[in-house]
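Enquirer: Residue numbers (the numbering used here), protein chains in the order written: chain A, 0 to 230; chain B, 0 to 230; chain C, 710 to 929; chain D, 710 to 929.
Treat the hints loosely; a few may be bogus.
What the hints assert, rightly or not - Here's a subset of chain D near chain A, in silico, CB distances under 7 angstroms, partners left out:
hint : residue
1    : G801
2    : G816
3    : T882
Stated by the list, open to error - Derived DSSO-like pairs: lysine-lysine, alpha-carbon spacing no greater than 30 angstroms straight-line:
hint : chain 1 : residue 1 : chain 2 : residue 2
4    : A       : K151      : B       : K134
5    : B       : K151      : B       : K134
6    : D       : K793      : D       : K775
7    : A       : K73       : C       : K793
8    : B       : K73       : D       : K793
9    : A       : K73       : A       : K134
10   : D       : K860      : D       : K793
11   : B       : K73       : B       : K134
12   : A       : K134      : C       : K860
13   : B       : K151      : B       : K73
14   : D       : K860      : A       : K151
15   : C       : K775      : C       : K750
16   : C       : K750      : C       : K860
17   : C       : K750      : C       : K871
18   : C       : K793      : C       : K860
19   : D       : K793      : D       : K750
20   : C       : K793      : C       : K750
21   : D       : K871      : D       : K793
22   : A       : K151      : B       : K73
23   : D       : K775      : D       : K860
24   : D       : K750      : D       : K871
25   : C       : K860      : C       : K876
26   : B       : K73       : A       : K134
27   : A       : K151      : C       : K775
28   : D       : K860      : B       : K134
29   : A       : K73       : A       : K151
30   : D       : K750      : D       : K876
31   : C       : K876      : C       : K793
32   : D       : K750      : D       : K860
33   : C       : K860      : C       : K775
34   : B       : K151      : D       : K793
35   : A       : K134      : B       : K151
36   : D       : K775      : D       : K750
37   : C       : K876      : C       : K750
38   : C       : K793      : C       : K871
39   : C       : K860      : B       : K151
Since the hints were made in silico from the structure, they are not lab data. Keep in mind that this is a model prediction, so the values were computed, not measured. For every residue, glycine included, the Cβ atom is placed at its ideal position computed from N, Cα and C.
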Amino acid sequence: MSRAQLLDSADEAVTGIEDGSTILIGGFGLAGMPFDLIDALIRQGATDLTVVANNAGNGEVGLAALLQAGRVRKVLCSFPRQVDSYVFDELYRAGRIELEVVPQGNLAERMRAAGAGIGAFFCPTGVGTPLAEGKETRTIEGRDYVLEYPIKGDYALVSAYRADAMGNLVYRRTARNFGPVMATAATTTIVQVGEVVPIGALDPEAIVTPSIYVDRIVQVEARHYTVEGAR
Amino acid sequence: MSRAQLLDSADEAVTGIEDGSTILIGGFGLAGMPFDLIDALIRQGATDLTVVANNAGNGEVGLAALLQAGRVRKVLCSFPRQVDSYVFDELYRAGRIELEVVPQGNLAERMRAAGAGIGAFFCPTGVGTPLAEGKETRTIEGRDYVLEYPIKGDYALVSAYRADAMGNLVYRRTARNFGPVMATAATTTIVQVGEVVPIGALDPEAIVTPSIYVDRIVQVEARHYTVEGAR
Amino acid sequence: MKASTGSTSGRVLTMDELAAVIARDIAEGSYVNLGIGQPTKIADHLTPEQGVVLHTENGMLGMGRKAEERLGDVIDADLTNAGKVPVVETPGCSYFHHADSFAMMRGGHLDVCVLGAFQVSRTGDLANWSTGRPGDIPAVGGAMDLAIGAKDVFVMMTLFAKDGSPKLVEACTMPLTGVGCVSRVYSDHGVFDLTPEGVGIRETYGVDEFELRRRLGLDG
Amino acid sequence: MKASTGSTSGRVLTMDELAAVIARDIAEGSYVNLGIGQPTKIADHLTPEQGVVLHTENGMLGMGRKAEERLGDVIDADLTNAGKVPVVETPGCSYFHHADSFAMMRGGHLDVCVLGAFQVSRTGDLANWSTGRPGDIPAVGGAMDLAIGAKDVFVMMTLFAKDGSPKLVEACTMPLTGVGCVSRVYSDHGVFDLTPEGVGIRETYGVDEFELRRRLGLDG
C-alpha cells in the first residue's frame, strides 16, 4: 500500500466506506475502541455493514451506537453478551441482526491468516463443540483440528497510541489487543491516534504496526475515564 | 514453562541436549547467529542432530563448525549454498548430510505454526514448483495452496541483544530475524545475550520475546567485525 | 482406579478457601491464566515467593492486581484484565497483540489455566460457555481457547449444582467448550484428578471418600 | 494482442540504464522489495521525492543504502540486507521477525517486488532459483516467497541468454519458482507486460518491435 495519508478529521478518515462493507473494529471493551472513527462512520452513513469485533458494544457508545443506528447487518465476535450490551441484545432478540460467534483466539488467528496470505489453517480450538459443527476436521499427529478460514476486512478501524507521519504505530498497554492484527487484515486500514509524531521519533525496534499496513491516520483527543460513584 | 534459568556459561546452558535432537538455530548469515552456544554444543558432544536454520553455515565458524565436527545428520534450511558454505557443500556432495530445502517464509511460518499450536496450514508459496511435489494442494477462493506442517524443535539456540533476569528478550536490528519465532517453537529455548538487565529495565511495550518462551539465558561477550583488507 | 492421595478435612470449603488450596498447588515460577469469575480469587492467595506470572488473554504477561481506585480517580482504561477490570503492571511484564496472545495459549506454553465450569465429564470434557437454554445469546469469548490453552487445565467449581445434581458427570449434557481437556477438578467437596484410568480423589472436604463416590456415582 | 505503448530507443540498455527505467516506473510512496543481484541497482536510481520504502525480507521496512565502510571500520553485523551486505537505516524504518516479514510479503502488502530471472514464461511463470543442472546444491532462499510476495512482481533480466536463446519463453524449461506470478519483464531489449491476453510490448531498446517479436517467436 502506498504512503499513509494524514487527515484532519475523523470524518475525512472514513470517507468512501461503501454500504455492505466488512469492517474490522478494534478494541476489547473500552480499551483500544476507535470511538472517534465509529462516530464518524455513523455520520458518514454507510449501512448494511458486517462488523468483526471482539464484543458487540457497550452502553450506547462506540460500536453500540453504530448498531443502534441500524447500520449493521451482521456481527462476527467472540463475546456479544455483556452486562451493558443491551443494544445488541435487543436487536438480536428482535431478529434484526445476524450473529456469528467465533472463539476469541480463532477470531484473531483468522484475521492474522487473512493478513499473512494463509488460505486456511487447522486449529485445535473448538474441536467437538457446537462452534465446530459442519466444519472440516482432521487428525494430525494424533490431535484433532478444525479447518478455519481467513477473515478479511474491507476496512479496519483501529485506535493506537502514537503514529509517526509515515503511519508506523505503537499502542498502549492492553489497548494493543486486536489493532495490530486487524491492520494487516483489511484492504484499507484507518487509524485514530492520540498523537502524531515526526518521522524518526518512534524507536524502530518498538514499532508494533509497520507503516505499510496503515492507509489513513487522524489525531484525536484522548478520552479519560474517571471512577464514578455508581459502578 | 517455568521461570528461566540464568547460567554462568554457555557450556552450562547447553547441558542435557540429547543425541538425535532437533535444534533450531537462529541467525541470517552472521546476524543473530548464536556462536557461543554452538561452540558450547560442539564441546558438549551431542550428535546425530537435525538442524533447522536459514543457512548451512559460513566459513568454518558457528553452524559450519558444528557440521564440520560431524554432529549433524540433516539440515532443514532455505539457502545452504553460499560463497563460503564449503563445509556444507563438501558434506553434501559426499552424501554425508541430508538436506531439506524449505522456502524461507515457509521455514518461518512452519515454526510459527509449531509455536502457535496450528496443526497445518494452506500456503500459496511454492505452488507448482518442485518443492511442492508430493504435497497436498487445494484451491481456496480461486487461489492454489500447498498444505504445510509445523516444524518443532527440541531445542532452540537463539542470540538476542538484551534479556532481563526473567527471560524477556529484545533483539537488535535485523539480528532479530528467526529468533523470536524459534523461541516459540522449541521445547527448550536457550538464549545467549550481550547483556542481562534487571527485571523491569526493559520497556514492556518493546519486549519482543516474552519470558514464557525462554528457558535458559547466558550472557556472552559481544562480537565485533571490522572491515578486512580483502573482502 | 487411581488411589486417593488426599485427606479428609472437617467441612466443605468456601470458594475463597478453595482458591487458597489451588494457589498452594501451583508450582513455583509457573505461567498461569486465571479465568474470569471464581478463579480470579486465586491471585489473592499466590505468594510473592512463588513467583507465579499471570497471563491475561487480552495481551499481557505479568498482570498485577486490580487497580486501587477511589471516587474521581482517572482510570487507565488501557490496562485491564480479561474481565475488563482495570489492573496494574508487575515488573517484567510484557504486552503483545491478540494473535500472539492466543498463540501463546494454543501452543501450550502456559503451565496452568484455571477455569470455572457448569459441568466436567470424568474424561475431562468441559462445559462452561453456554447453558444451552433456548433463547440465550451465545457468547464464548476465550473459553474454548483457554480450555486447550495450557499444559494443565484445572477447573474450580462447586461440586453440586443448586438443585443438588453433580457437576462432575459421566457425560456433559450442556454444550461443550472442549473435549478431554480438564486434568483436575477443584471443588468445595474435594479435589479430583481426571486420568485415562479414571477419576482419582486427591482430597475431600467435609465428606468422606466413600460418600463422595456414592454421590457422584463413581465406581469404587 | 495488446498494442505497444512504448517507444524505440537507439540501442540496447545496460543493466544500470535498465535499473533507472524501473526506478522511474515505481509509483511514488510504494513499498518495494528489490531482489538480490541486478535489482539492487534500482535503489541507486530512486529519488528521495519518490518516497519509496524498501523492504528487506530479513526483517526491515525502510532499509537504507549500503553502509559506507573503510578499512578497519567496525561493521554493524546486526544490520544487513537480504544479501547479507551491511546497510543503514532510514528515518521511519521498523524491524520485525521473519514470520512477520514473510507474512507481509505473502499477504500481498508490498506494491512491487523486482526479481532476477533465468526464464519467464509468457503467462508469467518464473524460473530463477535453480538451473536444474544435476549435482547443483538446491537453494531457494526467499525466492518463492518473493515470487508471490507483492501486488506486482517485475522481472529484471537480459532478454537473451549467453547462447542467444530468449529468456522470455513459451514455457519455462527450468524448475519453477512460481506460477503465473510475473506481471512485467524489464529487459535490455525492451519492456513487456504479461497479461491474460498475451505479451504486450511497452518499450523496445535498440531493436524494433517487429524484430523483437520475431526473435521471441511472438505472434502478431
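Enquirer: For each hint, tell me whether it holds in the structure or not.
Expert: Status of the hints after comparison with the structure:
no. : hint             : verdict
1   : G801             : holds (4 angstroms)
2   : G816             : holds (4 angstroms)
3   : T882             : violated (29 angstroms)
4   : A:K151 to B:K134 : holds (26 angstroms)
5   : B:K151 to B:K134 : holds (19 angstroms)
6   : D:K793 to D:K775 : holds (10 angstroms)
7   : A:K73 to C:K793  : holds (24 angstroms)
8   : B:K73 to D:K793  : holds (24 angstroms)
9   : A:K73 to A:K134  : holds (20 angstroms)
10  : D:K860 to D:K793 : holds (25 angstroms)
11  : B:K73 to B:K134  : holds (20 angstroms)
12  : A:K134 to C:K860 : holds (26 angstroms)
13  : B:K151 to B:K73  : holds (15 angstroms)
14  : D:K860 to A:K151 : holds (17 angstroms)
15  : C:K775 to C:K750 : holds (11 angstroms)
16  : C:K750 to C:K860 : holds (21 angstroms)
17  : C:K750 to C:K871 : holds (21 angstroms)
18  : C:K793 to C:K860 : holds (25 angstroms)
19  : D:K793 to D:K750 : holds (16 angstroms)
20  : C:K793 to C:K750 : holds (16 angstroms)
21  : D:K871 to D:K793 : holds (28 angstroms)
22  : A:K151 to B:K73  : violated (39 angstroms)
23  : D:K775 to D:K860 : holds (26 angstroms)
24  : D:K750 to D:K871 : holds (21 angstroms)
25  : C:K860 to C:K876 : holds (23 angstroms)
26  : B:K73 to A:K134  : violated (37 angstroms)
27  : A:K151 to C:K775 : violated (35 angstroms)
28  : D:K860 to B:K134 : holds (26 angstroms)
29  : A:K73 to A:K151  : holds (15 angstroms)
30  : D:K750 to D:K876 : holds (21 angstroms)
31  : C:K876 to C:K793 : holds (28 angstroms)
32  : D:K750 to D:K860 : holds (21 angstroms)
33  : C:K860 to C:K775 : holds (26 angstroms)
34  : B:K151 to D:K793 : holds (26 angstroms)
35  : A:K134 to B:K151 : holds (26 angstroms)
36  : D:K775 to D:K750 : holds (11 angstroms)
37  : C:K876 to C:K750 : holds (21 angstroms)
38  : C:K793 to C:K871 : holds (28 angstroms)
39  : C:K860 to B:K151 : holds (17 angstroms)
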